[in-house]
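Engineer: Here's the letter readout for the chains.
Number of protein chains: 2
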Amino acid sequence: MSKHSSPVLIVGSVAFDSVKTPLGEVDNVLGGAAVYSATAATFFSPVQLVGVVGEDFPPEHFDFLRSRGVDLEGLQIQPGQTFRWKGYYDFDVNQAHSLETHLNVFERFRPTLPDAYRDAKYVFLANIDPELQLEVLAQVRDPHLTLCDTMNFWIERKRDALLEVLRRVDIAFMNDAEVRELCGTFSLIKAARQVMSYGPRTVIIKKGEHGAVMFTADSHFSAPSYPLEAVKDPTGAGDTFEGGFIGYLAHTEQVTEANMRKAVIYGSVLASFTVEDFSLDRMRRLTMAEIQERYREFRRIAFFEAA
Amino acid sequence: MSKHSSPVLIVGSVAFDSVKTPLGEVDNVLGGAAVYSATAATFFSPVQLVGVVGEDFPPEHFDFLRSRGVDLEGLQIQPGQTFRWKGYYDFDVNQAHSLETHLNVFERFRPTLPDAYRDAKYVFLANIDPELQLEVLAQVRDPHLTLCDTMNFWIERKRDALLEVLRRVDIAFMNDAEVRELCGTFSLIKAARQVMSYGPRTVIIKKGEHGAVMFTADSHFSAPSYPLEAVKDPTGAGDTFEGGFIGYLAHTEQVTEANMRKAVIYGSVLASFTVEDFSLDRMRRLTMAEIQERYREFRRIAFFEAA
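So the protein lines, in turn, are chains S and W.
Sequential numbering of the first sequence, starting at 0, is according to numbering that gives the first Met the number 0.
Sequential numbering of the second sequence, starting at 0, is according to numbering that gives the first Met the number 0.
Next comes chain S alone, as it looks inside the complex (with noise of 0.2 Å):
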């Protein structure tokens, strides 16, 4: 599917994750906003990485991300450690608790694009700080769209860059809890609005076990989330859910309402079968067929009649 696409330039962190849940938990597993939305990317466009790795990452997650059609010219390896993550999960999975964050080779980490990535049509600025989000866009010569997420400790901490960022953008991801904080106020809908008046002409709110909402300035779409009995780590949910997006419409070409909402869907599907096992297991051995037969499986969810 991915064989004519435009290729996906994404930032973000590359991690090694420390997972507990109720359904069990996982040391030290590939991990990070990038690997996460780059892998999903994949299922439907080539990707070009931006990021950091120390010198521990080993060779089989390089061969692995490699084989899945991501570009590692522009993930530099460093001295030191990569980013680690440890934290968990209760019951209520739209809320992760961090208990360790070692930022390591990220602490002084400034992205520089190889001249190849300066191209790029699609840029995604995965959750990293916002300093750095614009160190990427500065770099990009000519992007067709660019799409950011971002966190509560950056709207806390850098809410100017963070201003910035969304200026400059054409899509922002947040999730529910993220829009609110950014925006002082209860209402998606509001919060929405007032994150379009930042600049971005598309916010994509990410409601976890409630789906996902896409506002623009004149139509709303509100997708399903998929119904899991069992979630078993939803580390990455949510940057699967945006490099599925992202990846889809890039290998459209087409920015459309239309393909913009099959994005939405395909992002969500993707995120369902992630959270169904712990770190990018499930999307490892995730095949197109069964991303199709879910998609349809939405689309049931979905459906009712005319009037």
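It is worth saying that the hints were derived from the structure and are not from the lab.
Keep in mind that the hints are not guaranteed to be accurate.
Treat identical chains as interchangeable: a pair holds within one or across any two.
[What the hints assert, rightly or not] Each computed DSS-like pair below joins lysine-lysine, with the alpha-carbon atoms no more than 25 Å apart: (1) Lys206 to Lys189; (2) Lys157 to Lys261; (3) Lys189 to Lys19; (4) Lys85 to Lys189; (5) Lys120 to Lys261; (6) Lys85 to Lys261; (7) Lys189 to Lys157; (8) Lys157 to Lys85; (9) Lys157 to Lys19.
Assemble the complex: chain S is given as a structure, and chain W must be docked to it using the hints.
Structural biologist: Here is chain W on its own, set in the frame of chain S:
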């Protein structure tokens, strides 16, 4: 639309509400689960109302209900005061905070169905004491479809009677917090399956601003919520949803999956109007043309193309 429809039998509270929200405040206005759901149902079907009011219940409220096509033969007038509820909502409109609950005439209420009601085919047991719900069920001869709602108060205090109600009804409505509490699980899918194991073949979970989901043994339907910038008063939203659902379904006289999905959307449409104003004020001036236009809007909100 309601000319040839089956009447819907509704039992539940008739009340005076005093409500404060971030957008205003009202005192002693018409309310109660049976009133909201009956009024909503009358957009599609006639209603037979079972409940109780005190001698303070004013003629204009009887007149309003009669003008809507609500049969009041089953509405008892007892010495004393009508049920009163006082509460408020903060910005999280999903969360009602009760300040005062005066059962008044409801304290000694025993439902007695007029003979004409005993042949009711569509029976909605709105939120009241499950023992009273059972008394109503016992008086109905051969219902075609029975539905119930409940609340945390009964889940905590009358669990056995509630489980007996669930054993006997076809469709159970609950909001997300209630079904989680009843089943002791966070997962709405697991909770829905557990409720189905008690009896109902269909479980409909109301999620407030996140819409509603309907579960059967072999299908899952997710209805979007309507993006309202301002919810003036969420009181009665769930009751309106349920009344619209059963009213529409009785109107179709065919309990199929397709009609139940349409009924969920009509219920959602009516609820989205109810919260636009205090008490039943929005439903008082609501037209069928407005309902159909918003139904079409729900279709646009939920639509995405095939893969």
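Engineer: State for each hint whether it applies.
Structural biologist: We went through each hint and held it up to the structure:
1. Lys206 to Lys189: both (16 Å within a copy, 19 Å between copies)
2. Lys157 to Lys261: Answer is neither; intra-copy 33 Å and inter-copy 46 Å both fail.
3. Lys189 to Lys19: Between copies only: 21 Å across, 35 Å inside.
4. Lys85 to Lys189: neither (34 Å within a copy, 28 Å between copies)
5. Lys120 to Lys261: within (19 Å within a copy, 42 Å between copies)
6. Lys85 to Lys261: neither (33 Å within a copy, 45 Å between copies)
7. Lys189 to Lys157: within (22 Å within a copy, 40 Å between copies)
8. Lys157 to Lys85: within (23 Å within a copy, 43 Å between copies)
9. Lys157 to Lys19: neither (29 Å within a copy, 37 Å between copies)
In this structure, the hints that do not hold are numbers 2, 4, 6 and 9, in rising order.
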